[in-house]
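Let chain A serve as the given structure and place chain B on it in line with the hints.
First to last, the sequence lines map onto chains A and B. Start counting the first sequence at 10; every next residue gets the next number (the working numbering). Start counting the second sequence at 10; every next residue gets the next number (the working numbering).
Certain hints may be false.
Just so you know, same-sequence chains aren't split out, so a pair can sit in one copy or run between any two.
In silico BS3-like links for lysine-lysine, alpha-carbon gap of 27 angstroms or less [claimed, not checked]:
#	residue 1	residue 2
1	K33	K17
2	K37	K62
3	K33	K62
4	K26	K37
5	K24	K61
6	K17	K62
7	K17	K61
8	K24	K37
9	K61	K26
10	K37	K17
Hints were generated in silico from the structure; no laboratory data involved.
There are 2 protein chains.
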Amino acid sequence: MITTDLGKRLQTLRKDKAGLSQEKFALKIGMDRTYYASVEAGRRNISIINIKKIADGLGVSLSELFEGM
Amino acid sequence: MITTDLGKRLQTLRKDKAGLSQEKFALKIGMDRTYYASVEAGRRNISIINIKKIADGLGVSLSELFEGM
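Only chain A is shown next, with the shape it has when bound in the complex:
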C-alpha cells in the first residue's frame, strides 16, 4: 500500500535528515502532531500540498523523498 510505504519512508527520512521526534518535526513544519503521526503510520491519504510541506521541512526534493519507493 502506497500510504504505508510513504509512512515508512518519511520515518526514515525524519530520523536521518531532521534528527527530530515526530512531535518536534511536526511542530517545526506547522503540522498537527497527531495528523503527522498518522501519516507516518500509513493511515492517511495525504495530499501533495502536505507532502511538499514535509519535503521542505526535511530539506529534500520530492523526487528524493520518493526515492526507492
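Just chain B, lined up with the frame of chain A:
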C-alpha cells in the same frame, strides 16, 4: 505553487510517455476525465493514492514523476 508545477509535469509525461490525450489517459487509468483535466490544470490538491495511480499509468516511479520539480 506545487499543484501547478505537478500539473505541468504530468502534462509533459502524459504526452512523452503515454502519447495519449487527457481523455484517453484518464480512461486508461480509471480516473474521471474532468478530474484528471483539473489535476493537469493545477486546480487539485491531489492525494498520494491518485498520484500513484497516475504514475503507474505512465509507467514511471514516483521519484521519476517528481524529477526536476
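Taking the hints in turn, this is what the structure says about them:
1. Taking the closest pair of Cα atoms, K33 and K17 come within 27 angstroms of each other only inside a single copy of the chain (18 angstroms); across copies the shortest separation is 34 angstroms, beyond that limit.
2. In the homo-oligomer, the alpha carbons of K37 and K62 lie at most 27 angstroms apart inside one protomer (10 angstroms), although the nearest pairing across protomers, at 31 angstroms, exceeds that limit.
3. In the homo-oligomer, the alpha carbons of K33 and K62 lie at most 27 angstroms apart inside one protomer (15 angstroms), although the nearest pairing across protomers, at 32 angstroms, exceeds that limit.
4. In this homomeric assembly, K26 and K37 come within 27 angstroms of each other (Cα to Cα) only inside a single copy, at 13 angstroms, whereas the closest approach across copies is 38 angstroms.
5. In this homomeric assembly, K24 and K61 come within 27 angstroms of each other (Cα to Cα) both inside a single copy, at 18 angstroms, and across copies, at 25 angstroms.
6. In this assembly of identical chains, K17 and K62 lie within 27 angstroms of each other by CA distance both inside one copy and across copies; the values are 17 angstroms within and 19 angstroms between.
7. In this assembly of identical chains, the alpha carbons of K17 and K61 lie at most 27 angstroms apart whether taken from the same copy (17 angstroms) or from different copies (16 angstroms).
8. Taking identical chains as interchangeable, the C-alpha atoms of K24 and K37 lie at most 27 angstroms apart only when both belong to the same chain, with a minimum of 14 angstroms there against 39 angstroms between chains.
9. In this assembly of identical chains, the alpha carbons of K61 and K26 lie at most 27 angstroms apart whether taken from the same copy (15 angstroms) or from different copies (24 angstroms).
10. In this assembly of identical chains, K37 and K17 lie within 27 angstroms of each other by CA distance solely inside one copy; the values are 20 angstroms within and 30 angstroms between copies.
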